[in-house]
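Chains as they are written, first to last, in the working numbering: chain A, 126 to 407; chain B, 352 to 656.
The set of hints was computed from the structure by calculation and includes no laboratory data.
Given the structure is predicted, the values throughout are model-derived calculations rather than measurements.
Heads up, a few of these hints could be off.
[To be verified] Distance ranges between label pairs, derived from CB positions: (1) B:S547 <-> A:D308: 40 to 46 angstroms; (2) B:K576 <-> A:T139: 27 to 33 angstroms; (3) A:G147 <-> B:N409: 50 to 56 angstroms; (4) B:V650 <-> A:D308: 44 to 50 angstroms; (5) A:P322 <-> B:F401: 31 to 37 angstroms; (6) B:G513 <-> A:R292: 18 to 24 angstroms; (7) B:R370 <-> A:L321: 21 to 27 angstroms; (8) B:F401 <-> A:W191: 45 to 51 angstroms.
We put the beta carbon where it would ideally sit given N, CA and C, even for glycine.
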Amino acid sequence: MSLLTWHGKLIYWTVLTVVVVGFTIVFVFPLYWMVTGALKSPDELAQIPPSFFPKSLDFGVYVEAWQQLELGTFLRNTVVYAGGAWIFTLMVDVTAAYALSKLRPMFGKLILALMLATLMIPPMVLLLPTYLVAKDVPIFHWDLLNTPWAIWLPAAANGFFIFLLKRFFDSIPRELLEAAAIDGASPMRILWSIILPISRPILGVVSILSVVTTWKDFVWPLLVLPETEKMSISIGIASLSAQMPQNVLIASLVIASIPTILVFFVFQRSIMAGLTAGSLKG
Amino acid sequence: MATLTAKPPARRSPGVARRAVGRNLTAYGFLCGALICFAFFSWYPMVREFLLSFQQTNFVDPPTWVGFDNFRTVFADSAFRAAWLNTAAFTGLALLCGYVVPFVAAIVLNELRHAKAYLRFVVYLPVMLPPAVGVLLFKWFYDPGAGLFNQVLGFAGLPALGWLDSTDTALISLVIVSTWMNMGTGTLIYLAALQSIPGELYESAELDGAGLFRRVWHVTVPQTKLILLVMLLLQVVATMQVFIEPYLLTGGGPENATVTVAYLMYQYAFNFGDFGAGGALGLMLMLVLMVFSAVYLRVSRDNQS
């Protein structure tokens, strides 16, 4: 199909229009329907045929959803879970990747292999034993249920992030670190002042992946945060959905999706970079 | 610098040994956080999964060893067969939709020269929604009365469907949500793979008179064979763990039409309080998925070397 001929141009523009319109209907229209659906009264929601534009633009339902569903609490909880998981993930995975890449201890290869092996085990099949660990941590006998630790600690055990970070650290020339070591810099100082500043791109990718993953997670918080006061936003909405009037529920869905959509608007580039880093790791 | 890159001394002096110990201690200091997290939340649960499947436990008394009793319990359950069949059907359908559709979408996007950024953005939008939001949104669309889907069918002069309420359509309804929420990932990955194909290959195919379909078949598919295989395996592993859709949309119903292995496992543990039977199901699922994971690992390692 050549774009130069009149015929080819016609086909190209037809296909383009069909694709743009099709994608918009399939992927954007449901979101439009959600945002406007919340504005409709329960009567208007049940009306057949449905109205394309809501009759009145009363944003009161969003306020109502915020108050009735305690969305403020749920959102604050989710920020605490995602933020803490992010900090723990960076602290734990960066230091581990640094040790495995640059300090190279005995059995380092074995430890890395064991960490990567966990990527082969799908998380769902370890759900029950991991839940039992969170409920009664071996040796210490702590009950982590309904505490942020139940989210933070498992999130840090991420073999994929360690793999990504280690691969990046491996590419940092040894001479650079050796020069710093001769100047008397401690390993901690080398990590902080040399490696971390160079590694900004990969740290960005890992940060966004980590925050978004925790924010979107459902099954694990469903199990370990049963108390309503402690729920994350996804779990809160899902568990209260049955008791809510439809328009209030839809409004809360809108509110719950705003943070991740905003993150996507701002960090599109890094998110897509992380996506390809994740898939083409072979 | 020259002293550091020089050959190591032939004989180890006590100083060198001490330094090696110190180096290892420092390294393990940096590693200890990860070792603790992995030990408690990855490695030990893997061992515990095996123990769980062969034990009966009520969390008060010490667990007792029961051999294959847990497996007998789940085998005897009528939902067991349904769960495996549904999981297989869900995976098959999800592959058909979620594997072929994104690949075709990526090929089309790759051919287009306008609106690319917009289309890429839009197709990935649902992936960014929390899954609970996407699923609950579709629950509302599936509503048999005023739900959007039946309205659209009515508008087109088609009869209304029961969607989640009918055993015929419940499973496919789950597949539709799942595809909508996840196809952005596949599309963008394929798109990246397509863009790395050298343009000369297409040009020479075009010079040989190959049309669009022959170009796709003889250039695109062979060039992306590896990523297609990798994605196939990843998708199988991901979709076989399906849980949130049946949990939020159907509760496994109607008449076990949407009960999946992961959902049944959850039910055993948290609705019936039988962690042993749940563990047995989890172990079976793990063994099946490990086969796909192992093949995936093999493929991606072959690719690396």
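Hint check:
1. Separated by about 42 angstroms at the C-beta atoms, S547 of chain B and D308 of chain A satisfy the suggested range of 40 to 46 angstroms.
2. At roughly 31 angstroms, the beta-carbon separation of K576 of chain B and T139 of chain A lies within the given 27 to 33 angstroms, and the hint holds.
3. For G147 of chain A and N409 of chain B, the Cβ-Cβ distance of about 55 angstroms falls inside the hinted range of 50 to 56 angstroms, so the restraint holds.
4. With their beta carbons about 45 angstroms apart, V650 of chain B and D308 of chain A fall inside the hinted range of 44 to 50 angstroms.
5. Look at P322 of chain A against F401 of chain B: about 44 angstroms separates their beta carbons, and that is not inside 31 to 37 angstroms.
6. In this structure, G513 of chain B and R292 of chain A break the distance hint of 18 to 24 angstroms, their C-beta atoms being roughly 50 angstroms apart.
7. With their beta carbons about 25 angstroms apart, R370 of chain B and L321 of chain A fall inside the hinted range of 21 to 27 angstroms.
8. Restraint check, F401 of chain B to W191 of chain A: a C-beta distance of roughly 46 angstroms satisfies the suggested window 45 to 51 angstroms.
Consistency note: the structure conflicts with the earlier hints numbered 5, 6.
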